[in-house]
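Participant: Please construct the entire structure, taking both the sequences and the accompanying hints into account.
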Amino acid sequence: MSLFGDFASGIGQALGAGLGSIAGPLGTMIGRELGGMLGDFIADAATQYLGLANDAAQDSDLPEVAKNVFGAAYELGFR
Numbered sequence: 001m002s003l004f005g006d007f008a009s010g011i012g013q014a015l016g017a018g019l020g021s022i023a024g025p026l027g028t029m030i031g032r033e034l035g036g037m038l039g040d041f042i043a044d045a046a047t048q049y050l051g052l053a054n055d056a057a058q059d060s061d062l063p064e065v066a067k068n069v070f071g072a073a074y075e076l077g078f079r
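Going by my numbering, the residue at position 75 of the sequence shown is 75; the numbering climbs one at a time, nothing skipped.
Since the hints were derived computationally from the structure, they do not count as laboratory data. Quick reminder that beta carbons are idealized off the backbone N, C-alpha and C, glycines included. Heads up, none of these hints are tricks.
Pair by pair, the computed Cβ-Cβ distance ranges are:
| no. | residue 1 | residue 2 | range |
| --- | --- | --- | --- |
| 1 | Ala56 | Leu76 | 12 to 20 angstroms |
| 2 | Ala57 | Ala14 | 31 to 39 angstroms |
| 3 | Val65 | Ala14 | 35 to 43 angstroms |
| 4 | Ala72 | Gly18 | 30 to 38 angstroms |
| 5 | Ile11 | Gln48 | 14 to 22 angstroms |
| 6 | Glu33 | Gln58 | 33 to 41 angstroms |
| 7 | Phe7 | Gly71 | 15 to 23 angstroms |
| 8 | Phe41 | Ala72 | 20 to 28 angstroms |
| 9 | Gly18 | Pro63 | 44 to 52 angstroms |
Facilitator: See the structure below:
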């Protein structure tokens, strides 16, 4: 998974575990799993849409330096 994907999944797990802890240990486990799935979903959606934005930037009339910056940022955060 990408850097952003790992971050989103971790945040989702932490929030889910925190909210689930109200219901006790079982709630914590269930909340962590559901939060991780939600984080993965958000990361996948962001990766897809930002990939499309990166493709559009690469196909645009931007200078090559700007295209390289967009490409490098996308590769670093989402691949």
